[in-house]
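Enquirer: Starting from the structure of chain A, add chains B and C where the hints point.
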Amino acid sequence: MNTLPPKTDASAYNFGFLDEYAKKEIRRAILKAVAIPGYQVPYASREMPMGRGFGTGGLQLTLSLIGPDEVVKVIDQGSDDSVNAVNLRQFIEMTCPGVSTTTRTVEATLIQSRHRIPEHTLSAAQIIVLQVPYPDPLVVVEPSEDKRKTMHGEADYSRLLVKLYEDIVKFDEITLSHRYPTRINDHYVIDPSPIPRWDVPKINNSEALILFGAGREKKIYAVPPHTKAEPLAFTDVPFRVEHFHDATGNRRTCSRCGCDGSFLDEFTNDAGAKVYQCSDSDWCDEMLLQVKSWREVSA
Amino acid sequence: MNKILEVRNLSRIYGKGCALCIESTGPEADTNLCPHCGSVVAVHDVSFDLFEGEILGVMGESGSGKSTVVKNLYFDQAATSGQAIFYDAARQYDLFSLNSAQQRWLRNHRFGMVYQNPHLGLNFNITAGGNIAERLLMSDLMDYGAIRDRAKTLLARTEVLLSRVDDLPKHFSGGMQQRVQIAKALATQPPLLFLDEVTTGLDLSVQARILDLILEIQQELKTAMVVVTHDLGVIRLLTGRAIVMKYGRVIESGLTDQILEDPQHAYTQRLVASVL
Amino acid sequence: MQTPILQVTGYEKYFALHEQNKLIPSAHQVNLTVHAGQLVALIGPTGAGKSSVLKGIYRTYLPSSGRILYRDAAGHEIDLAQANEHQVLALRRHEIGFVTQFLHCLPRQATLDVVANPLLAVGGGRKEARLRAGELLSAMNLPERLWSVSPATFSGGERQRVNLARGLITRPRLLLLDEPTASLDPATAERVIELIENLKAGGTAVLAIFHHPETTRRLADQVVELAAPPAIEEILKEIA
Numbered sequence: 001m002n003t004l005p006p007k008t009d010a011s012a013y014n015f016g017f018l019d020e021y022a023k024k025e026i027r028r029a030i031l032k033a034v035a036i037p038g039y040q041v042p043y044a045s046r047e048m049p050m051g052r053g054f055g056t057g058g059l060q061l062t063l064s065l066i067g068p069d070e071v072v073k074v075i076d077q078g079s080d081d082s083v084n085a086v087n088l089r090q091f092i093e094m095t096c097p098g099v100s101t102t103t104r105t106v107e108a109t110l111i112q113s114r115h116r117i118p119e120h121t122l123s124a125a126q127i128i129v130l131q132v133p134y135p136d137p138l139v140v141v142e143p144s145e146d147k148r149k150t151m152h153g154e155a156d157y158s159r160l161l162v163k164l165y166e167d168i169v170k171f172d173e174i175t176l177s178h179r180y181p182t183r184i185n186d187h188y189v190i191d192p193s194p195i196p197r198w199d200v201p202k203i204n205n206s207e208a209l210i211l212f213g214a215g216r217e218k219k220i221y222a223v224p225p226h227t228k229a230e231p232l233a234f235t236d237v238p239f240r241v242e243h244f245h246d247a248t249g250n251r252r253t254c255s256r257c258g259c260d261g262s263f264l265d266e267f268t269n270d271a272g273a274k275v276y277q278c279s280d281s282d283w284c285d286e287m288l289l290q291v292k293s294w295r296e297v298s299a
Numbered sequence: 300m301n302k303i304l305e306v307r308n309l310s311r312i313y314g315k316g317c318a319l320c321i322e323s324t325g326p327e328a329d330t331n332l333c334p335h336c337g338s339v340v341a342v343h344d345v346s347f348d349l350f351e352g353e354i355l356g357v358m359g360e361s362g363s364g365k366s367t368v369v370k371n372l373y374f375d376q377a378a379t380s381g382q383a384i385f386y387d388a389a390r391q392y393d394l395f396s397l398n399s400a401q402q403r404w405l406r407n408h409r410f411g412m413v414y415q416n417p418h419l420g421l422n423f424n425i426t427a428g429g430n431i432a433e434r435l436l437m438s439d440l441m442d443y444g445a446i447r448d449r450a451k452t453l454l455a456r457t458e459v460l461l462s463r464v465d466d467l468p469k470h471f472s473g474g475m476q477q478r479v480q481i482a483k484a485l486a487t488q489p490p491l492l493f494l495d496e497v498t499t500g501l502d503l504s505v506q507a508r509i510l511d512l513i514l515e516i517q518q519e520l521k522t523a524m525v526v527v528t529h530d531l532g533v534i535r536l537l538t539g540r541a542i543v544m545k546y547g548r549v550i551e552s553g554l555t556d557q558i559l560e561d562p563q564h565a566y567t568q569r570l571v572a573s574v575l
Numbered sequence: 576m577q578t579p580i581l582q583v584t585g586y587e588k589y590f591a592l593h594e595q596n597k598l599i600p601s602a603h604q605v606n607l608t609v610h611a612g613q614l615v616a617l618i619g620p621t622g623a624g625k626s627s628v629l630k631g632i633y634r635t636y637l638p639s640s641g642r643i644l645y646r647d648a649a650g651h652e653i654d655l656a657q658a659n660e661h662q663v664l665a666l667r668r669h670e671i672g673f674v675t676q677f678l679h680c681l682p683r684q685a686t687l688d689v690v691a692n693p694l695l696a697v698g699g700g701r702k703e704a705r706l707r708a709g710e711l712l713s714a715m716n717l718p719e720r721l722w723s724v725s726p727a728t729f730s731g732g733e734r735q736r737v738n739l740a741r742g743l744i745t746r747p748r749l750l751l752l753d754e755p756t757a758s759l760d761p762a763t764a765e766r767v768i769e770l771i772e773n774l775k776a777g778g779t780a781v782l783a784i785f786h787h788p789e790t791t792r793r794l795a796d797q798v799v800e801l802a803a804p805p806a807i808e809e810i811l812k813e814i815a
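Residue numbers (this note's numbering), protein chains in the order written: chain A, 1 to 299; chain B, 300 to 575; chain C, 576 to 815.
Hints listed in this document are in silico derivations from the structure and should not be mistaken for laboratory results. Please note that a few of the clues may not be correct.
[As the list claims (entries may be wrong)] Pairwise CB distance ranges (calculated):
#1 E154/A / Y313/B: 25 to 33 Å
#2 P334/B / T578/C: 21 to 29 Å
#3 K302/B / R642/C: 25 to 33 Å
#4 D502/B / R642/C: 43 to 51 Å
#5 D442/B / T268/A: 35 to 43 Å
Virtual Cβ for every residue (Gly too), placed ideally from N, Cα, C.
So here's chain A without its partners, still in its complex pose (with noise of 0.2 Å):
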């Protein structure tokens, strides 16, 4: 009998962790994914050395896809450096010899993000794959799997749209601040993810290739490039992004960078006061990186 010496150090995994089984499998859901947009493809979401919940069905994507010279960027509310994104980032570094990582956007070939789609315009050379607690956006109005298919194959979505008219009726606007429903290519309605609406335009017309990956719910789906991404909405009553204003109706800044053109994370300070600054770490370190440059040549 031919027995393996047993092995310690991470190389005694497979390069991805997955077995080419796994990979191979869910390769061929994301090119059903890709060819029908915004269509949940169910596969087995094998179990990840961590918690459900924790971007498992992202790391599934994206230790398929991955090569030996991908550059990767894991994000997590924007940020390179919460919790979430270190543990994925070590955890593919340790699993994926020869991989480099990076935290800056334009360098990252393969981006796996929880909760936020980067400021940078993504290009046709990157692939995002997106975190998906709940695939699903019937789930809210019909608890039948079943019957969420029927409505699903037959672009039912009018239920979807009632949550939408009673949110206008209760508070005169459409009060979702992220999940908002959006029709792909003109039938699937997908769950974008607990992206804010701030990020729903930037999947209309993608250059890149965006994914979605739901682990505990075992679903894959995806918006390829250029392809049309419609929030739901009514023709007079339209789909609105975060709009960041003051009570004097001025845009808010980043506190950090200045930048006033990024979606802002507001959190309070020791001084108890409120503060702004951009969401997506890497962009505001860009963005002080050029007001650095400025003061320095006009300086």
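Expert: Leaving out everything else, chains B and C in the frame of chain A:
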């Protein structure tokens, strides 16, 4: 007068059915339960025509299969066999050969249904206005202001207080729930409306006003209706023609006044005699 | 002699009461002919089947045998005993009126609308229909204060006038009258008689049952006397 609906040999059997089902059920057998295989022959060999702007009554007691007939036609349930042709302006649809998307399209655009149980016709978790909006959104009206105006017009027409447009139907009285259901059914101005025991279980005075409303709507919009009821008063008030069902079979059909004054079948005679 | 509007030959009606296993004769071998502008009165003892004839023609009863040939406005001849339901409904709406002793109408509708509705159903405008209804009601001495009230609360005589007005408003080609003046006071009965004469003059054919022999004498161009149908045993023998 043009025909709007033609139903031929409609049958619906619950259960696997057997060769003896038909001969061992029906009014003569005094049951709709097949003693050989245990299947229920809910509807067998029902045929009728409905003309534009006409109200047809389907009467019978519980278990006669009368509700099953309209549920089959409204695609709530699949018919076991038979044919139904819906004539819509220049087009005609063979209802039971349509795919589910086509059936849904007809349901949403060209048919309306008012159920006895408002839970079936209304979503109790969304407002009265939202219920009507849902039907309008199904038919691809995408303008919030227009949807809202139409919902208000419909609710005003069915005498629901406009101040209650944004209330949940679960806080409404039974009669008011039926009014919202009627408004919802009428939202797309369908040429064909199914009414399944719509006044059953309501107070008499409320019943009367709902029936008035239905008649007024019929006169205004010339909507063709199939009215299912066990109540001879409803039949007399609303319908011009009627069919009488027992154990899934049509045992008598004719002009409503003729059925009520000169019933031919022993069962109908008993039914009429028990009321008049 | 012009062709008649209505020609009834051998009309018979029996009721088969399944529960009691009985056959009840209601009308036996009735023959009659009605021409445009003519009034034919049916007379005979109670139980002779006078109402049964009217109901058979109107198809409230399904005739047991006989032919009821009706010539419609387009000149087509239809056997009402055999006509399909939609043919009958169309004729009822446009050509054949029936005024009974009893009023069947919406319980909660204003009298004026109750009367105007048949005219609306054949495509009249609401305004003209109500105007015409008002004319008829005043012609029959029904006080105007009652027009906006439902006839459900009316006295027998008042109801009868509403019923008459409703039957006359479309100026039917064939009018069936079942004791239309039975519960009217002499003055009102007189107005009703005038209205019927008026309709006759306009070409309406009328088949009527009158309570008072005097009314029959005044209005009838022809009288058809019915005898009580023989006992069922006799009829069965006859058939055998």
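Enquirer: Taking the CB of D502/B and the CB of R642/C, does the distance hold inside 43 to 51 Å?
Expert: Roughly 49 Å apart at Cβ, these two residues keep to the hinted range, so it holds.
Enquirer: Can the suggested window of 35 to 43 Å be confirmed for the beta-carbon pair D442/B and T268/A?
Expert: Between D442/B and T268/A, where Cβ atoms are some 41 Å apart, the hint holds.
Enquirer: Measuring from beta carbon to beta carbon, are E154/A and Y313/B in 25 to 33 Å?
Expert: Hint holds: Cβ distance 26 Å, inside 25 to 33 Å.
Enquirer: Is the hinted range of 21 to 29 Å satisfied by the C-beta distance from P334/B to T578/C?
Expert: 59 Å, violated
Enquirer: Determine whether the Cβ-Cβ distance between K302/B and R642/C falls within the hinted range of 25 to 33 Å.
Expert: Given range 25 to 33 Å: holds, Cβ gap about 28 Å.
Comparing the model with each earlier hint shows a violation of hint 2 alone; every other hint is respected.
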